[in-house]
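In case you want the letters, here they are:
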Amino acid sequence: MEVPFAFLVGVLFAAGLYLMMQRNLLRFVFGLVLFSGAVNVLIFTAGRLTRGRPPIVPEGLAAPPGEVANALPQAVVLTAIVIGFGLIVFALVLMLRVYERLGAVETQELGPALQRGAAEEDA
Amino acid sequence: MNGLVAAPVVLPLLSAAVLLALRGNRAAQRLVATTAAALSVLVALWLLVQVSERGILALHFGGWPAPFGITFVADHLSAIMVVITAVMALAAAVYALRDIDPDREARGYHALAQVLLVGINGAFLTGDVFNLYVWIEVLLIASFVLLTLGGTRAQLEGGIKYVSVNLLSSLLLLAAIGLLYGLTGTLNMADLARTLPEKDPGLVTTIAVLFMVAFGIKAAVFPLFFWLPASYHTPPIAISAFFAGMLTKVGVYALMRSFTLLFVADVGFTHTILLWVGAFTMVSGVLTAAAQSDVRKILSFHIISQIGYMIMGLALYTPLALAGAVFYLIHNIIAKANLFLIAGIARRLTGSFDLNRSGGLFKAAPFLAALFLVSALGLAGIPPLSGFWAKLLVVLAALEAGNWVMATVALGVGLLTLFSMTKIWHYAYWSPLPEGGRLSARPSSLLYAPVVALAALTLLLGLWSGPLIALGDAAAAELLDPSRYVGAVLGSEAGQAFAAEAALAGGGER
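Chains as they are written, first to last, in this note's numbering: chain A, 1 to 123; chain B, 1001 to 1510.
Isolated chain B (complex conformation):
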């Protein structure tokens, strides 16, 4: 029954194989790709339901019990991330039917998108740090090829930056894993959670900071984010949008996992660094965005600033803050990817991503304008859209922790986000088209389908936020009580022993 935990990885792997075999047949590829994406959503939802009903699920491959074999673990956070990945993959797959040119399709776009999914889901589900590295490499190599697929000059130039910085971060991660193994003799996350408190806190914190840098590059936090705005605007929109939604979030997820389960020995030190990193990420992202005029670059810098909120939620390290961070992740993935998809449609109408060369969209495409407003105001956090609840939760958590500075920063950055969004609105939608510009015909309704669905989700999560907040609470409760994770992986006795020791250590400090 626990075999279900591996399904979100196995399904895209199988479809990638089928798609590779169908390389010559465009129609069949498109059919298989969309069917597989739809199936993935069902599988992911089923996994989430199972996790909600039965608690944390663990799967030991090859029958080797943990910590000897490789383990997959699905808790609330993992299951939520798998669901949102599947939803975004479906949206991108439908959009790609009209957005990706036949040449890129013939070069294997559909198969690569599935391989990317394999890597992302593997990273979300694995319970082993070295295995996490392997899945990150799988998603990385797929993303390298997707980013440079087609080989335009801009793509190649952006690809160099993306590839080199990400390779460096992977090597740092591998070095950190090696040191962690040298210190503890284990790679299983649950076993690490059990062993790490006994080790020299100074060494553990040093390794923790190495992990922070490696995952920080992947998550594009300050001051390690420069590769992102240099590359994310170069590939076709269907690829950009999925990257913008999901890839940095794998880094955020890895940070959330490692700094709640593994490195909690010196929260005062590590999480304070994370808190300031979060603040600087928010501010630097939003300020740089204000200086851009290409819509894709504005949105790319906003990815960075929004990641600051999630890091802040993690760094505050309270149940409310973590629940807020989880809510923020989901809200942001949907709103951000949708803004990219909308920018793609707008580009088809006006012929340019440059704000100075576009305009008149409100008159020409009022429906698109409405969709843009929903996502843009959602991103800025205007009630009753999803971003409002996301921001409310993290700001409340900051106030609850007595951290007025962070609460002020979070609210101020929200205001500046609104400024950037009104800037896009003003230039691209409200003002008339500049001289010499011409609007082309209405794009295919297939492009609108995922945009409408995602905008509806943004609205739905705003008006009916209860279920997702409850899921966020459940995820936060699991993250703050690692004994449940340990119990699910190593058996309930180990979990109870871990909880007892943690209580003893906590009591000793007081």
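With the rest of the complex left out, here is chain A:
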């Protein structure tokens, strides 16, 4: 069960990195989203996968009998998703502000746009 997930993680990492190496800032953010998804699946898989065995302790026992799903990676992934959501939203808003103020979405246009802006302010 883990092996197909390992391949999935690899594909997501590759796609994320490909997008991140683009010059368009928006594509960079999309790459970041894929990369972050890849990491989340990676953690989930690293905690070993089980099906249909919830980690519930029956009454009268101190530990669940037999093998159950590992709850810790799920808690970790949940935290990571929330944090990732906040950071990616911030990144998107930042890109938007950059587009508004500098009028550029391609990385190689940022430097010239900044210099143009400085020249306008001086004049």
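FYI, nobody ran anything at the bench for these hints, they're computed from the structure. In this text, all values refer to a predicted model and were calculated from it rather than measured experimentally. Where hints are given, some of them may not hold.
To be verified - Sample of chain A residues facing chain B (criterion: CB under 7 Å; computed from the structure):
no.: 1; residue: Phe-35
no.: 2; residue: Ser-36
no.: 3; residue: Gly-37
no.: 4; residue: Leu-42
no.: 5; residue: Ile-43
no.: 6; residue: Ala-46
no.: 7; residue: Ala-80
no.: 8; residue: Val-82
no.: 9; residue: Ile-83
no.: 10; residue: Leu-87
no.: 11; residue: Phe-90
no.: 12; residue: Ala-91
no.: 13; residue: Arg-97
no.: 14; residue: Arg-101
no.: 15; residue: Leu-102
no.: 16; residue: Leu-114
Claimed, not checked - If you anchor each label on the Cβ, the simulated ranges turn out as follows:
no.: 17; chain 1: A; residue 1: Leu-49; chain 2: B; residue 2: Val-1010; range: 33 to 39 Å
no.: 18; chain 1: A; residue 1: Gln-74; chain 2: B; residue 2: Ala-1038; range: 50 to 56 Å
no.: 19; chain 1: A; residue 1: Phe-5; chain 2: B; residue 2: Ile-1273; range: 28 to 34 Å
no.: 20; chain 1: A; residue 1: Val-57; chain 2: B; residue 2: Leu-1460; range: 54 to 60 Å
no.: 21; chain 1: A; residue 1: Phe-85; chain 2: B; residue 2: Val-1010; range: 23 to 29 Å
no.: 22; chain 1: B; residue 1: Ile-1273; chain 2: A; residue 2: Phe-85; range: 31 to 37 Å
Glycine included, C-beta positions come from ideal geometry on N, C-alpha and C.
Please arrange chain B on chain A, whose structure you already have, making use of the hints.
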């Protein structure tokens, strides 16, 4: 009693909440922010005293014993870092009273500075790798907003680089943590220290290198530092100075923690990489600095070159080298942040950060010139200032390890640092103001207060270096003997068992 360990995180968290509630009231915000910063210093000092007296303190949240719950651990290194963070936060808070404009204050500068403090102190104190990631994210998001607060074009352009590279490094860190958990089934650092030696050394080293890259980006080491000089010069000086002093040092701290406690299975491989990384960081930082003319950019590149010394101290991995690295951390945070603060005052006098457009400061502000000399010569390592002892310790450690190459590199980079500092001195202070330039009136004495205090600290640590060297020795002794850390977190029996096994493994190798 061990609840004290959480105080450096809880206090700024509470003040951030209060400051957010006071958003409309500028005077109240300023009062609360400075009071909270002063209180933080007291709390941090108290923590350091407690750690010195009682050894490593551990706090298990919610009463869940380690390794099941989240643990906070304060050893000497953590406590020292918490103290220096609080001191720098106080200096920045006082400087900010005159440096940060009302618009940025209204947008929540004070509350954000406290949130940044929450993240930094959390990262220094946590004893759990996933929790470390969470605190790093807390400080990161606060730093993102602080860096771009105000939204000038330069800030936005610098912000893009800072945000994108740091987000990537966080994701790499998270991936490394996931793999580490998959390998060991635990996230508690003490438990990891106990479990990792039993695992396949090849896999452990692979994960170690992933951690090295992730923390290396945060610490701005060669060749992962390019985001730093592209962004650190854009926000107001009070923010730049605190970033310059503290943020990369969180990365350095994380490297020091993980490569003494967790990844010591193959020191010959990992620490040799770190050694060369340190050397290239020192050299590339100092050489690029020589080509700059904006004071803030010169100083930014020097942050990088100075980090090389700390990485070198960690990589040599001897008691003397680690003590030197700790001393270097403290010295560098103070001297570097102060140079930024001084550059801010100089800018108020001459109207420019560009060396070609400034001058005449020695005549106009001899006191400022003296303060600059103390910090600049301290950074370059001229006796009797603090940098001298810091460099002496790491160079001695390199010689002791028989590593002549590193000792030579360290001394050569010191010389080039002196060159950069004399360059600033020559253009901004010694030579006359260029044609058409005009010096403005003397800036507020409130701006001078933190600068004088930090310069005094640089001088004090130089003339009276014994106590800090002793603290560095204590921190190094703890770092090199992880059984004490394990014992404090998992109970003394576990610590003794760990020490016995480590001795057995060490004996087997010989």
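*Check the following: the C-beta atoms of Ile-1273 of chain B and Phe-85 of chain A are separated by a distance inside 31 to 37 Å.*
At 34 Å between Cβs, range holds.
*For the hint on Ser-36 of chain A, does the least C-beta distance to chain B fall short of 7 Å?*
Result: holds, 6 Å to nearest chain B Cβ.
*Against chain B, is Phe-90 of chain A within 7 Å by beta-carbon distance?*
holds (6 Å)
*Closer than 7 Å between Cβ atoms is the bar; does Leu-87 of chain A clear it against chain B? Give me holds or violated.*
Where the cut-off is 7 Å and the nearest Cβ of chain B is about 6 Å from Leu-87 of chain A, the hint holds.
*asked:* Is the interface hint satisfied for Ala-80 of chain A? The criterion is a beta-carbon contact with chain B at less than 7 Å.
replied: holds (6 Å)
*Should the hint that Gln-74 of chain A and Ala-1038 of chain B are 50 to 56 Å apart at their CB atoms be regarded as holding?*
violated (42 Å)
*asked:* Quick check on Val-82 of chain A please, does its C-beta sit within 7 Å of some C-beta on chain B?
replied: Hint on Val-82 of chain A: violated, closest Cβ of chain B at ~10 Å, above 7 Å.
*asked:* Verify the CB-CB distance for Val-57 of chain A and Leu-1460 of chain B against the hinted window 54 to 60 Å.
replied: Between Val-57 of chain A and Leu-1460 of chain B, where Cβ atoms are some 58 Å apart, the hint holds.
_Outcome of range test on Cβ distance (Leu-49 of chain A, Val-1010 of chain B; 33 to 39 Å)_ = For Val-1010 of chain B against Leu-49 of chain A, whose Cβ atoms are near 38 Å apart, the range 33 to 39 Å holds.
*asked:* Given a cut of 7 Å on the nearest C-beta pair, is the interface hint for Ile-83 of chain A held or broken against chain B?
replied: For Ile-83 of chain A, the interface hint holds, since the closest Cβ of chain B sits about 5 Å away, which is under 7 Å.
*Identify whether the interface hint at Leu-102 of chain A stands, where standing means a beta carbon of chain B within less than 7 Å of its own.*
holds (6 Å)
*Determine whether the Cβ-Cβ distance between Phe-5 of chain A and Ile-1273 of chain B falls within the hinted range of 28 to 34 Å.*
Between Phe-5 of chain A and Ile-1273 of chain B, where Cβ atoms are some 30 Å apart, the hint holds.
Violated hints for the displayed structure, listed by number in ascending order: 3, 8 and 18.
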